[in-house]
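> Got chain D sorted already, so can you dock chain F onto it with the hints?
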Amino acid sequence: KNQVEQSPQSLIILEGKNCTLQCNYTVSPFSNLRWYKQDTGRGPVSLTIMTFSENTKSNGRYTATLDADTKQSSLHITASQLSDSASYICVVRNDYKLSFGAGTTVTVRA
Amino acid sequence: DVKVTQSSRYLVKRTGEKVFLECVQDMDHENMFWYRQDPGLGLRLIYFSYDVKMKEKGDIPEGYSVSREKKERFSLILESASTNQTSMYLCASSLLTAWYEQYFGPGTRLTVT
Chain D
83 KNQVEQSPQS
93 LIILEGKNCT
103 LQCNYTVSPF
113 SNLRWYKQDT
123 GRGPVSLTIM
133 TFSENTKSNG
143 RYTATLDADT
153 KQSSLHITAS
163 QLSDSASYIC
173 VVRNDYKLSF
183 GAGTTVTVRA
Chain F
-7 DVKVTQSSRY
3 LVKRTGEKVF
13 LECVQDMDHE
23 NMFWYRQDPG
33 LGLRLIYFSY
43 DVKMKEKGDI
53 PEGYSVSREK
63 KERFSLILES
73 ASTNQTSMYL
83 CASSLLTAWY
93 EQYFGPGTRL
103 TVT
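Residue numbers (the working numbering), protein chains in the order written: chain D, 83 to 192; chain F, -7 to 105.
Be careful, since some hints might not be right.
Unchecked claim - Simulated crosslink set (DSSO-like; lysine-lysine; CA at most 30 Å straight-line):
no.	chain 1	residue 1	chain 2	residue 2
1	F	Lys45	D	Lys153
2	F	Lys(-5)	F	Lys47
3	D	Lys179	D	Lys153
4	D	Lys153	D	Lys139
5	F	Lys49	D	Lys153
6	F	Lys62	F	Lys5
7	F	Lys49	D	Lys179
8	F	Lys62	D	Lys179
9	F	Lys5	F	Lys63
10	D	Lys139	D	Lys179
11	F	Lys62	F	Lys10
12	D	Lys179	F	Lys(-5)
13	F	Lys47	D	Lys179
14	F	Lys47	F	Lys5
15	F	Lys49	F	Lys62
16	F	Lys10	F	Lys63
17	D	Lys179	F	Lys63
18	F	Lys(-5)	F	Lys49
19	F	Lys5	F	Lys45
20	F	Lys(-5)	F	Lys45
21	D	Lys139	F	Lys(-5)
Stated by the list, open to error - Derived DEER-like restraints, expressed as beta-carbon distance ranges:
no.	chain 1	residue 1	chain 2	residue 2	range
22	F	Thr(-3)	D	Lys139	24 to 32 Å
23	F	Pro53	D	Asn137	32 to 40 Å
24	D	Leu164	F	Tyr2	41 to 49 Å
25	F	Arg6	D	Pro111	42 to 50 Å
Claimed, not checked - Just a sample of chain F residues kept apart from chain D, beta carbon distances all over 12 Å, derived:
no.	residue
26	Ser(-1)
27	Val11
28	Arg101
Just so you know, the hints here were simulated from the structure itself, not pulled from any lab data. Idealized CB from N, CA, C, for every residue including glycine.
Isolated chain D (complex conformation):
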């Protein structure tokens, strides 16, 4: 069964600090991996998408990494802001299906 596991389930950080979210997957065959940001009360919005050949991709203060050999991805948030408070969802695609992680809820405190 294709699975996507995210950790931690939730975390609290102080404004200005960095944090890293993890995503491990067993989806096969692998097509791409996408990180979404979901603000409270809103639908998920795509942050980055990574294919097999990409190791790192940045979108502003968000940097995603991918190790296709170990089937692991991470999302690093640099210099966090209050607006980064949200759930971050890892989604892995194979040829015919999207598999969604349960998400990591990030709370940024002033």
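Positioned in the frame of chain D, the structure of chain F alone reads:
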């Protein structure tokens, strides 16, 4: 900008009621999807549609039905709501050949009491 709207942000219904959740997209997308989102679980696909009047079951279709009479509108129907259908429901749409590039609506939080 792709816009996907859902008719209600919050909905409270009683057990046994028939419930309609509406979704409208304005980008002429062929595909439309309904998911439910529960704490500790990833999004789970209920149904999707690739054309008017066409529908396909997703991973958890039991207790739900759908209707797509117009290309821009996709409805999720709970024939007889039950408490275990309390959840966040997300609608999404995509182009036919880019089914994986999905744009999500804001969600409807349904509570069944």
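> Each of the hints needs a verdict: does it hold here or not?
Status of each hint after checking the structure:
| no. | hint | in the structure |
| --- | --- | --- |
| 1 | Lys45(F) to Lys153(D) | violated (39 Å) |
| 2 | Lys(-5)(F) to Lys47(F) | holds (22 Å) |
| 3 | Lys179(D) to Lys153(D) | holds (17 Å) |
| 4 | Lys153(D) to Lys139(D) | holds (16 Å) |
| 5 | Lys49(F) to Lys153(D) | holds (29 Å) |
| 6 | Lys62(F) to Lys5(F) | holds (26 Å) |
| 7 | Lys49(F) to Lys179(D) | holds (13 Å) |
| 8 | Lys62(F) to Lys179(D) | holds (25 Å) |
| 9 | Lys5(F) to Lys63(F) | holds (28 Å) |
| 10 | Lys139(D) to Lys179(D) | holds (23 Å) |
| 11 | Lys62(F) to Lys10(F) | holds (21 Å) |
| 12 | Lys179(D) to Lys(-5)(F) | holds (23 Å) |
| 13 | Lys47(F) to Lys179(D) | holds (16 Å) |
| 14 | Lys47(F) to Lys5(F) | holds (25 Å) |
| 15 | Lys49(F) to Lys62(F) | holds (19 Å) |
| 16 | Lys10(F) to Lys63(F) | holds (23 Å) |
| 17 | Lys179(D) to Lys63(F) | holds (22 Å) |
| 18 | Lys(-5)(F) to Lys49(F) | holds (24 Å) |
| 19 | Lys5(F) to Lys45(F) | holds (27 Å) |
| 20 | Lys(-5)(F) to Lys45(F) | holds (22 Å) |
| 21 | Lys139(D) to Lys(-5)(F) | holds (26 Å) |
| 22 | Thr(-3)(F) to Lys139(D): 24 to 32 Å | holds (30 Å) |
| 23 | Pro53(F) to Asn137(D): 32 to 40 Å | holds (38 Å) |
| 24 | Leu164(D) to Tyr2(F): 41 to 49 Å | violated (24 Å) |
| 25 | Arg6(F) to Pro111(D): 42 to 50 Å | holds (45 Å) |
| 26 | Ser(-1) | holds (14 Å) |
| 27 | Val11 | holds (20 Å) |
| 28 | Arg101 | violated (8 Å) |
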